[in-house]
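*Asks:* Can you join these two chains into the complex? Each is in its own frame, and there are hints to help.
Protein chains in written order, with the working numbering: chain Z, 121 to 588; chain A, 17 to 1016.
The set of hints was computed from the structure by calculation and includes no laboratory data.
Honestly, I wouldn't trust all of these hints.
Below, simulated DSSO-like cross-link-like pairs (lysine-lysine); rule was C-alpha separation at most 30 angstroms, straight line [to be verified]: (1) LYS864(A) x LYS342(Z); (2) LYS871(A) x LYS563(Z); (3) LYS687(A) x LYS201(Z); (4) LYS687(A) x LYS387(Z); (5) LYS543(Z) x LYS254(Z); (6) LYS687(A) x LYS254(Z); (7) LYS201(Z) x LYS705(A); (8) LYS992(A) x LYS347(Z); (9) LYS347(Z) x LYS366(A); (10) LYS347(Z) x LYS864(A); (11) LYS543(Z) x LYS992(A); (12) LYS874(A) x LYS302(Z).
These are the residues of each chain, in order.
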Amino acid sequence: MNQNIIHPTRRQFLETIGGGFGGVALSQLFLRDSSALVTPHHPAKVKKIIQLFMTGGASPMDIFDPKPELDRLHGQMLGPKEKPEGFTGPVGAIMKSPFPFAQHGQSGKWVSSVFPEQAKHVDEMAFLMAMTTKTNVHGPGAYMMNSGFLLPGFPCMGAWVSYALGNLTDNLPTFVVLPDSKGLPYNQRGCFTSGFLPALHQGTVINAASPRPVPDLFASDKFAFAKRDGDPAGLALLRRLNQSHAEQHRGDSRLEARIASYELAAKMQLSAPEAFDVMREPESLRKSYGLENKVTEDFGRRCLLATRLVERGVRFVQVWSGPQGATGNWDNHANILTELPPMAASVDQPIAALLSDLKSRGLDKETLVIWTTEFGRTPFAQNGVGRDHNGGSFVTWLWGAGIKAGVAHGRSDDWGYHAVENKTSCHDFHATILHLLGIDHEKLTVRQNGIDRRLTDVHGEVVREVLA
Amino acid sequence: MCFYCLKHVTRHSLGVLLTLLGVWVPHMVNAAPDFALEIRPILERSCFSCHGPEKQKNGYRLDVRDVAIKGGDSGNPAIIPHNAGSSRLIRFVSGVDEEMVMPPKGSKSPRLSEGEVRLLKEWIDAGPAWPDALAGKLNAARPHWSLQPLIRPTLPRLAMHPIDGFILEQLAKNNLTPAPVADRRTLIRRIYHDLIGLTPTPEEVTAFIGDRDPKAYDKVVERLLNSPRYGERWARHWLDTIHFADSHGYEHDIGRDHAWRFRDYVINAFNNDIPWPRFIREQLAVDVFYPEETTLTPALGFLGAGTFDLSTYSTGPVTFDYLDRDDMVTQTMSAFVSTTANCARCHDHKFDPIPQEDYYALQAVFAGILKGDLYYMEDPASARDYRRWKSLIASVEKSDATVLHSAANKPLVDGWLAKQGKPIKWQPLEAGTFLTSEGSILKRSTNNVFLAEGKRPDKDTYTVTARVALTNLTALRLDVLANDTLPMRGPGRNDNGNFHLSEIELRIFETGGSHGKEVKFRRASADFNQTDWGIERALDGDSKTAWGIFPAVGQSHQAVFELQEPIALKANSSLAITLKQLHGGGHLIGAFALSATSEDPANVVIRPKEVEEALLTPTADRNETQRITIAGHALRIAANHALDRLPEKSVVYAAATTVNLVDSNPPGPVKTITEPKIVNLLHRGDFDKPRAVVGPGALSLIPDLPSRFALPNSKDEGNRRAALADWLANPQNMLTWRSIVNRVWHYHFGRGLCDTPSDFGKMGGVPSHPELLDWLAVWFRDDAKGSLKELHRLIVSSGTYQQSTGHRKEAAAIDGENRYLWRQNRHRLDADSYRDFTMATSGELDLKMGGPPVKHFKQGPGPQLTPALDYTVYDWSQPGSGRRSIYRCVWRGIADPFMETLDFPDLGLLSPTRGFSASSLQALTLYNNDFVLHHSSRLADRTKREFENLEDQINRATQLTWLRNPTAKERRDLVKISRSHGLATACRVLLNSNEFLFVE
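Same shape as in the complex, but just chain A (with noise of 0.2 angstroms):
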């Protein structure tokens, strides 16, 4: 009472005080109270610690204006302005409400006196009056860890190595010591473990034990990082990360003959150290960034190395594109962002800014390609060639002037005329009868010129009947036309522009005659023969083959057929030409022309009707048409025959704008995306609930980076892929650096320093050393430009990670989980790794890099397209058995039970780390399974070749599993089993044990 009255008095003094000296205030006349001088006080007193800028149960705070008015979590407002007999606050102070007294009983924050109750009151009912200057604001909710800029922290401690100076400044607060160095042959263990997933032999262990040099260590580290066996064991990671398989996975599990370009292509970029930006860039747009490095296409890989759902492409094409690009947009975004925008699929993130908007922004970068196989040429000379051709026959198709008389390629032209002797005179066939046998309507235009038409019968044979005017018959010649009434211009009636012409025959009427004389060819010629479908194959009287022009359409063709001898021709003789269609699905010539000439074969080229004529034409006399025509003709046989020379395409399968799809083995057909699909947003994730389209863009979470890309042709797919490329890639974005040396650091300690390495989202772990994760992306960033061997070689020099693994109870009752790294963690042997160890342990290990998978199965007919793959009959002294195990073929939707059993991924899903378990079915497999005891065995014949007594043959087999000679009392127990049941038992026990299968 006597504060309240107190601060009354002072209240009305002040305001009297203030009247006498002349001020007007104006909040005095009404004499409501004065927030900042009465009210807020006795918020802060009795209110703040709930209610107030650190805490807001309920979501209600008493600083905010806003929220102390309209109220928190519960809806209702807290304060009616000039009603202070509703105002749910005025309620809870007073206390007339039993069940709702605020500050609550047992409460250090006092209870409101009811002066001050009284107080509150008048100050709503008058308003309440609360100045802007202390309405107080939201604060800009601080982001989440991971979405925080990125800057550099300084370092603890300026003379130590930085990791160390982080690690043992944690460690000091948690009253933690960190543990010894581990000793040589456990560190050397564990950095080949590490870095090159092999084992080493125990002759390097002895090296290293007994080097004095000061750095034998960072010898072995700058060994091992040089050693191509690190590209090998780090592409592993890699490929789990964004779940790459050889298969297809879901009901048409198909394999993917061409997948392991982009495993290939990933250990090399490990091993040559891409920096990190650019292996970004690489695997979502090497094709816009590097068009000239065609090497590097199988980058593309990245792009398909998800699952693909043959069934629903075929039967569900709607829910195929959005699925499927799901697919894409997950593994983008979880492999290098560590972010979970799938989630927003169906409604905004729950937990992470990410609006639904974003994530559709995101399927719209991935709306213009399809998984499949993507041919490339891969020399870049070639590469280089081959578009140069390719560009020319654009041009030739074009008859762009510039290009057909550019002083380039006048030389080709020149170098073509100077080689074509006198053109040959060729005498139009003047048709009298034309027939079809199954339908086709021919019809003659000027120029003795056919075009098919009406229904398109399967098969056809056209049957011409035509006088000609000359004495001597050596050869005729068939001209098939392009034509715009014909499917891709002809000069076929398929689908595909394709004709197959079977067999062609000729007869000669001499007059009055009924019965022709059939004659036989000696040889045929073309411009163009179609991959096995060659003009031979016209005259080889089997009605099953043919000749064909695919894919040369939408172009005029030629064929000469020479007479096996010259024939004199009677006046009045006709002839009867036969041209046989057979081959069936409407492969048809749809517009020809026929002609015959009486001049040498021997001077018999083909050319183009109106090649011909422009070479009849005297050179200085030819008009431009003729010119272009002729420049035409013969940069095309040159570019042609060009193209002919070059190598043959490689094959990766990635997603592209044109691919094979991969829908049966061998591969089917080629298919476009001529321009990016339309991307709707989804309303609930509900194909059938389209809404807003969505440009491509990416997340709107960094501020600095616009999450909305401008591109100067939105058709142009690739620029919204290098779009996305750029912005994963920018120095700004902090995801993408903490991603990456996070990742790094799990596979060094087991653990990332945040332990989800593809989440981090508010459901993600939180960091232990968030100092140091930020240090360290920094450092990646600018002082080591993206080198990830740079980011290698400080961890592996840091003395955090090169403790020993020793247990210490009194740290463990402190930090059980070994968060603050008091100790190097215990690795079991991943199962690649356990194959790896093994062979190499057995010495079977072939070291052979690259190339087709290598199938640990029998591959066998499935019912349908997924083959039956039996795992248990692969013989494991068979060639290539020994390669390592990032070479061998994985079946997404087929596991192979051994990988699988020492916890090898379902790589249906993205595997951002490996799991552990422990099993009796998982002892059986290491007990009993082929590949264990074929080394076993080997294992055991390598220590007899290598040594004459069981002692020193068990001594070796104890040095390569164990790095260790065995105790007087292993020895004894290793010998006596040797003897009873042999060597390879031993040696089987010794590939089961605890000691091989753990690294410390």
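Only chain Z is shown next, with the shape it has when bound in the complex (with noise of 0.2 angstroms):
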């Protein structure tokens, strides 16, 4: 389709819902398949995502990239004299990892002890291996990783995905984020914010663990005049005092548009219950993620979920990993060996049998996992046997429809400190997610305040290496 078309329309509708005027379309105030803004600019490979991210930056050296120089010069004062920016302390010796690695699958990937069970499953992924950002602090870090800026304010890629290829059911929200239940990841709600897009494309945060995992799906029972039962006499006439308001005041679709968010509201309280409820799964697949382990308890819930959801029709689910501070994250500065370990255990088995389900529900076809984090960390001990921040190096992998299964993309340096080898941007990253959804990222864009905003700024080059 022509994009110079589509874009226009798009952008004359964002001003115009700015402006506070009528004449649009109402297909273009719900954004189902039907009406999506972006008419693929290619086929798509992949139709949903989910998003683990390890919040604090999860250290490539101790978990995907092994580096034996580490082992070899380990002690030794090698790193740089003077603090880097966004360094939290001064740097300390060279450290070698304190875990075990192999090889694992036909590929051969290198993977530590900390992640036996998602070692079976190399073969299955994609790794880049030099991915790099451009700061060393968390809240940046956060940005940049989920909106491609160091800034707040930006819409993050679920936000993007939503506002670009509208929603595939009306049951349930288009982007979902299930936070850790001990909190809020860095920059708060900052990494699921719609930012400049309409308020419609933020993230829907749902605590897994509360018995109303969606805010106001009811009403609470302190209102007693406001019972369930009540719901479809009073929406009814709010239909109908709504339907002779729009009759005469035409020409307007904001009021058929509010109209309809009533009737698919409706639907959604009749969909979100049995969508949240995991205890409708059967025991045996709730104790493959770990429901049953306190360890695994709280990430596995929401792995579970985030099945369910894409199941269902769920565009973008975000599950993360760890609440910001100082602990009960991947931001192991103190630490490496006692720190990393059970972080590492809360996530393994359940993220092994999200692949595993997704595969048996033939999920693995329209549905890509991408496992995230900030940044990565130093090969340079801090406060002794703990790692720092570095943006320099850090790995992603990718797993699902569209990817080259068993690959590894790049190469960082013999330290890890910093990616020497088919580099991957935050950028990039965004590029070819966008690409695997059969969009182009320069393509994708919105005018705000004087400057055609995308997800990758003015960046951004898809790595082909890693797809299918």
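*Replies:* Structure, rendered in structure tokens:
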């Protein structure tokens, strides 16, 4: 399709709603498949995405990127003399990984002992071994990985995807966020904001452990008059009043859009409780996700929920491991040996179960799973046995539809300090994901305060080497 | 062919003719074609339609010599002098190249004849000769619309409201007609919404409908403009525009407890109708322009409105400086002049005439300030006093005789002297031994002064033993002394010059006795006590408490300890004095002296040693140093006393040279930027690639306003901000005036005359009515003198504004977006208005103004500095819950889901306009959120209080929400649902209805 035609229309739409005007087609206010903004620029391989995010900066040289050179140089003071920008402390001695590595699968991918379960899936994964970012600071780093900018206020990837492709179902939100039960990640809700895109594209934050996971799905019990059995009558009257109002105020599609929004809300009331109830899954499956083990229970529940949601047509699901803060996440400054394994254990079995389950449900044909983090960690010790932030090199992997399974793209230097070969920036990563969704990242733009904004800013190259 | 011949003949004939006339014509001699007579007519006929004054396809034009020769966008020369064969122009017009024939196939311009081509060739081979007079020049490109000088356009129709004149002219041109005036019920709801952001009461609607006075409408407008609710409404727009919030954003999203004073400042500024240029100056540099008007200090909250990345501040200071200043530059230039200067951070602006250097010049404006809590004396009289006494203390420290002996200060000195009794004689203690327990080295100098040296232990205890030639002992005295060798000149050894004396103990040893007798003190007094670290704490037996003197460092202090009762000393008795300093952190005394007295402790007054000595000298014999010492001491006491009596300082979150960094709760340390930081132009915006140093300035795109500031003292950062404010507020700055009138228009019509209110650049919108925009800008600047209220009056009094929103198919077919304003636009209530309308309707609106923000969440500790906020548990019946939305605490990174679903913006970025969205989640929120249910219930209760019968209650509820009675059918439906599910359910439906959510 001709993007030159579609985009101005879309832009007008945005300007129009910004200005409070009414001459907009109803289909543009609700972004279903039939009325998605982007008619794919090329055939899409992926329809749905599950993004796993390891908050804090997962250590590459202790998980997926073994560095024998660190064993050799262990204990030597070879790092920069001056503290680089964004390091939280002075640079210590070179530190080897305390974990043994082994090769796995046909591909022979090296994985350390912290991920025994995911190691069984390496032949299905495509690794980006030389990811880089532009900062060593959590806030900007988490923004960069999610929105392509170091600054707040920009739409994150899930919002862009919702905006571009619309929803696959009326029964559930398009973009769902499942934060760690211990708290929100760095930047709070900034990592799932719709930024300057319409509010309907923001991530819907679901508290998976709460009895009311979807906020305001039903009235609170505090309000005796607002019992659920009254909803149909109330909504029916509202529809009649709104319809008669719309008949007297013609030519304004926003009025129709508001009427339709209540119809969809009613559908969601019917579907959401079922979708969010993981207890409907068989016990054996729940067990495979680790729901019966304290260590894996929280992340496992959310992985299982992610499966149920994409199965029911949710477009984009974020599953967060770890809240912001000094503990309970992947920001292992003090002690890699004691801090990393519990984090790894909390996600390893759930992720492996997620991949197997998606496959057994046939969802791997249309779903992409991405394992992400905001940056890597230093090959130098901090506080003796911990590692500091390092945007120079880190690892992510992709799994599922459209990817070339078993490849490892890019290489970091012998210490794992900087990416040296086939570097992948966050923009490249985003460009690749949009590509899999059938979107040319350079064509997905929104005019915002004088600039045609993109998820990939003015950068980004599709990493074709990891595509099938 | 004939034409060519004719021309040719003519040329020769002309030459012959001129020659015959005896005129020497050099061009004619070599017989080259004449440009004016022969070449240009060909070009004009065949080429100019695509490559002339109007159009320049591929950047090529034949009406301008330089371009004609150099070629267009291809970069290849079109004409090579003396070489027609290689000249692309000849190739193209001769058609040798089938791919490239000029004029192209299908063009209306005729191809060149062979003769004409030959003529062109001759002309090139011979020169080409192209006279200067006909060289043409590139039109000094007409500036972009927003940069054109402001000239007041003539009014299209003099007899008419100026706005309507411009609007009707455009409507007529487009075969459109305006809509009829809206009915009064619609009008009153519209102006209430636009001017004060609230719904009128049914009584106000009835009164307005029934008011026969021709001025009825104007009266309502005046009432609203004079209502304090006006400032509350319009402050919200400004806070959106400049991304003001009550927390930092980013990783450490810490609350800013004092940001609200800026919000209150903005409300007051709008209510007081501060002229726009003054509003600019106040927000950027009130401290420079109006230093006496200290109540306005919170205006500087403008500079602190944006985000603060504490994590990068702590770990990546260079990155932080550039990014934080970027935030200030972006905000300032976007808000006041609708310019995207920030696009020039990495390279010259791609679309607008903003070189990268301009951008860094703007960064330099803000290079001397830091965001944080700014303490200030609010009341102007107190602020004057504060400045006066502070300056007196500074004079004391400089021993400035002119000030110290001035007539104004003499009474203070004399008054103090009059109150001094006979000075006490203190006997210095001559130490025998002096020991430390943790390794400080005490050195005794002359005058029995001890100086602590060597490594500074964390804690220490000094013990000094001394004989004293007294027979009776009543009090001990400790002088802690300022000394140049100490940090901050001491008297303590801590980095800040402080010490903490945990306990002082005294033992008396009689001759030969090995066990000293411990002596108790009755009380102690000191010339200065640190808050919560008073001198009494050195006697309380608690080693965790102590006497300190911060912040009065760099000066000597004295403490006197009175004995429980006088003690008779036998000859050769010695005293052992123990100074325990156990607080830690090197809070140790750096220099001290000890003395004792036998005089009546009632006469003991604390005075420094040198003052005592001066006082012991008879008045007439005192030398100048002694006079200065006495005056300085007396005036310092007077100043400190006066400062103590001043009210407490107020605090606002702002940006300034000295602030308390908000890095925790409560806020942390004082930070001072002593002089503006160096700003380098960054190559490609890369912090690692600093280039030339750039001084403070503004944009160079306004020729009449200098873009670099010539400042008398470039280290004075205040002057930099003031210079930028002057640049922005200058009457010649066309952007400023266009920007603000367009913003106001935007909020009255839902869309600006230029529909990108913060971007007037080439990527922004183009005004629908440029003359009207310019007329309004000039009128606002010159006639209204920058008064926003005048601008509102003008706009809302126009017929254009008062039109109905009625849809007309035939008009929509011509102008579906209503750019020409053939009707008024319908607005959906923004998030804040929805809340405020709802509370006004239910009768729960609380009109208390100002003060700390209301938190619609439960705040608990988070994993780190960012707290955890729970919006779901807020109880809407608690006090303060009915305050207007402008008083809501806006946590930047943890948005209120209710407000967000109604398109309250993400204030990580500037938000010049609010969006519109409709989604199932929004519907669920409006239908089920506690806020709506609470007020549905309260609205029902209200109507029940007011009316007994259900139908009346329903009538009342629709009057309150829709400002009208229900139709018979609506009433039947609402009664029916009230009977089955309660009146509150009917109210819930009304509060969800489009008629309530949309303003016509």
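*Asks:* Does each hint hold? Answer for all of them.
*Replies:* Taking the hints in turn, this is what the structure says about them:
no.	hint	result
1	LYS864(A) x LYS342(Z)	28 angstroms, holds
2	LYS871(A) x LYS563(Z)	41 angstroms, violated
3	LYS687(A) x LYS201(Z)	27 angstroms, holds
4	LYS687(A) x LYS387(Z)	56 angstroms, violated
5	LYS543(Z) x LYS254(Z)	13 angstroms, holds
6	LYS687(A) x LYS254(Z)	28 angstroms, holds
7	LYS201(Z) x LYS705(A)	20 angstroms, holds
8	LYS992(A) x LYS347(Z)	17 angstroms, holds
9	LYS347(Z) x LYS366(A)	58 angstroms, violated
10	LYS347(Z) x LYS864(A)	34 angstroms, violated
11	LYS543(Z) x LYS992(A)	68 angstroms, violated
12	LYS874(A) x LYS302(Z)	17 angstroms, holds
Figure legend: structure checked against the earlier numbered hints; hints not met, in rising order: 2, 4, 9, 10 and 11.
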